[in-house]
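**Student:** Below, each chain spelled out in residue letters.
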Amino acid sequence: MPAPSLIRLRFTLNGQQVAVQCQPGTRLLDLLREEFDLREAREGCGRGECGACLVLMDGRAVNACLVPAFMLADSEIVTAEGLAQQKEHADLRRALAAYDLSGCGYCEAGLAIALAALLLSDPDPGEEDVQRAIAGNRCVCGAHVRGPRFAASGSRGPAAGRRHGRR
Amino acid sequence: MADVRVFRPKSLGVLLRLYARSPEALLYGGGTALGPRLRGPAGGALELPAKVIYLGYVAELSRISRTQRSLDIGATLSLARIMSVGRNVLPKVLHAALASVATPSVRNLATLGGQLCSPEGGGDALPALAAVGALVELRSLGSARWLPASRFVEGLPPLRSGEVVCRVRVPLEEWDFQVYRKLGHQPGTLHAALSFAGVARLPKGTLESLHCSFGGLGFGPLPGRELEARLKNARLPLTPKAVEGLLQELRRQLPSGEPAAAARGAASESGTAASASPAPGPEAGQLSENYRAATALRLLRWFLDGLSAKSLETL
Chain A
1 MPAPSLIRLR
11 FTLNGQQVAV
21 QCQPGTRLLD
31 LLREEFDLRE
41 AREGCGRGEC
51 GACLVLMDGR
61 AVNACLVPAF
71 MLADSEIVTA
81 EGLAQQKEHA
91 DLRRALAAYD
101 LSGCGYCEAG
111 LAIALAALLL
121 SDPDPGEEDV
131 QRAIAGNRCV
141 CGAHVRGPRF
151 AASGSRGPAA
161 GRRHGRR
Chain B
1001 MADVRVFRPK
1011 SLGVLLRLYA
1021 RSPEALLYGG
1031 GTALGPRLRG
1041 PAGGALELPA
1051 KVIYLGYVAE
1061 LSRISRTQRS
1071 LDIGATLSLA
1081 RIMSVGRNVL
1091 PKVLHAALAS
1101 VATPSVRNLA
1111 TLGGQLCSPE
1121 GGGDALPALA
1131 AVGALVELRS
1141 LGSARWLPAS
1151 RFVEGLPPLR
1161 SGEVVCRVRV
1171 PLEEWDFQVY
1181 RKLGHQPGTL
1191 HAALSFAGVA
1201 RLPKGTLESL
1211 HCSFGGLGFG
1221 PLPGRELEAR
1231 LKNARLPLTP
1241 KAVEGLLQEL
1251 RRQLPSGEPA
1261 AAARGAASES
1271 GTAASASPAP
1281 GPEAGQLSEN
1291 YRAATALRLL
1301 RWFLDGLSAK
1311 SLETL
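Same order as they appear, the protein sequences are chains A and B. Heads up, the first sequence stops at 167 in this note's numbering, and the numbers go up one at a time, no gaps. Heads up, the second sequence stops at 1315 in this note's numbering, and the numbers go up one at a time, no gaps.
One thing to keep in mind: the hints can contain errors.
[To be verified] Subject to a maximum C-alpha distance of 25 Å in a straight line, what follows is the list of computed DMTMM-like cross-link-like pairs (lysine to aspartate or glutamate):
hint	chain 1	residue 1	chain 2	residue 2
1	B	Lys1051	A	Asp74
2	B	Lys1092	A	Asp129
3	B	Lys1010	A	Asp58
4	B	Lys1051	B	Asp1072
5	B	Lys1010	A	Glu128
6	B	Lys1092	A	Glu128
7	B	Lys1092	B	Asp1003
In case anyone wonders, no lab produced these hints; they're calculated from the structure. On a predicted model such as this, the values are computed, not experimentally measured, just so you know.
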C-alpha cells in the first residue's frame, strides 16, 4: 500500500518560524498538541461549536479543529501559550485567571484567544462586543461562560470580576 | 491510507485548468462544513480524497468590489470579512443572516461559496441571498454563466462538471422591510432547522415588490412569478385573498409529509399544519417535518400580517 503523501509546511508559531512534515489532512489542533506539545488548545466538539480549540490565525480567532494542515502554509499562528508571552496580552491572561472564569479550566484558553482577537480589532470593546466575541465559547462542564467587563477607554484587559456562572 | 494530493492554485486560470483535468477533485474553501464530515471514525486527521484543490490562495476568489448598483463578493472571502467590509452597504437582511451563521470563529473561515454549496443543503445565509435577488457567477474552463442564488435553495447545487462558484453579486437596492429569522438546529450541526428571509418595498402604501425565501425546506423563493405579478402594486393592508394566495403557494411546496395540506381552505385562521393531526404512530423525523412545515406557514403569515399592519420590527 502506498505511503500517505506528506506535505512540508512552513509557518510562524508563537513568533517562531517552524517547519513540519505531516499528512495534509492533519488538523492544526493535533499538530499543536502532538508535534509542538502546545496543549492549551483542547479537543471539545470537533466541529467548531465550543471554542475550546481556538487559536489566532493571521490575527483572527479560528477553531484549530477545523484547520487542516494544507491551509497553514505561510500563516501566523498564535496559541494561548503564545499569548501569555506577548506583553500586550499577558495582562489579559492574568486578569482572566483572576476572574475565576474557568470552573473546570477547560474553556479558559479558548476564551483568552477569543478576547485577544477582539482586542486586536477593538482595543476598547463594549459589553455587547465582548458577548459577541465569546458567543462561540462553551465549556465542557456545561456552565455558561460570561465575558468579563472591560474597563473604560484605553484598557486592554478586563477590569471587573464576573464569575463563571452555573446553569 | 490512500495517496492524497493537495493542489493550491494561486489564480483562477490555474484553478479552472486543474479542475477541468480532475473534476473528481474536492474543492476546499473554508472547510467549516466539510471538515467535520471528513473526520475519520476515530477522530483526528481528515480523511481526504485522492485529489483536493484548496481555494484559499486564488486571488480572484477573495476580492470584493462595489458598483453603484451591486456588491461583488468573491466566493472564498470569509463571512466575517464580508460583514466587516460590507457593513454599511450590505442589505440588512443579508448582514443579519451572515451574523447568524455558526460562531464568530467559524465565520472567520466560512465562505459565501460554502453557504451556496454546503453539504447540508445550503447555509443559513442562502435564504437572504435568494430574497434580495443575488446572482452567482459560475465559471469553468472556457465558459461562464450567472444563476440566481435562489437556484441553490432548491437542493443540490446546480453546478455542471468543472464549474466553480466564483463570486456572488448582491444588488444594492433599498427595501422598506427586511426580516430574517433562524430557528432551531439540524441535529449535530449549527445549521438552522428552518430559516426565513423576507424583503418588501412599499412606496406610498402599495406593494411594489415582495420576496421571501426559506432555508431548510428545499424549494425556491416565494412568490412565484404569477402570484408576484398579481400582487404588484397591491394596496396595503393586503386583502385576505392575497395573503391566503401566498400561504397556499407555500403549502403547495411544503414537503409531502405534511398531512392534509391540500385540504386547507382560505377560512383557516392560523393557516398552519399544526391544526392538522399527525398521522398515527409517526416517526420522529416525520413529526419534525410537520413541525417545520407548520412553523414555516406561521412565519410567512407573521411576515404578511406585520407588513400589512406596518408593525414589523424591521432590521
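**Student:** Hint by hint, say whether it matches the structure.
**Tutor:** Here's how the hints hold up against the structure:
no.: 1; hint: B/Lys1051 to A/Asp74; result: holds, 22 Å
no.: 2; hint: B/Lys1092 to A/Asp129; result: holds, 19 Å
no.: 3; hint: B/Lys1010 to A/Asp58; result: holds, 19 Å
no.: 4; hint: B/Lys1051 to B/Asp1072; result: violated, 29 Å
no.: 5; hint: B/Lys1010 to A/Glu128; result: violated, 38 Å
no.: 6; hint: B/Lys1092 to A/Glu128; result: holds, 19 Å
no.: 7; hint: B/Lys1092 to B/Asp1003; result: violated, 46 Å
Of the numbered hints stated above, those contradicted by the structure are hints 4, 5, 7, listed in ascending order.
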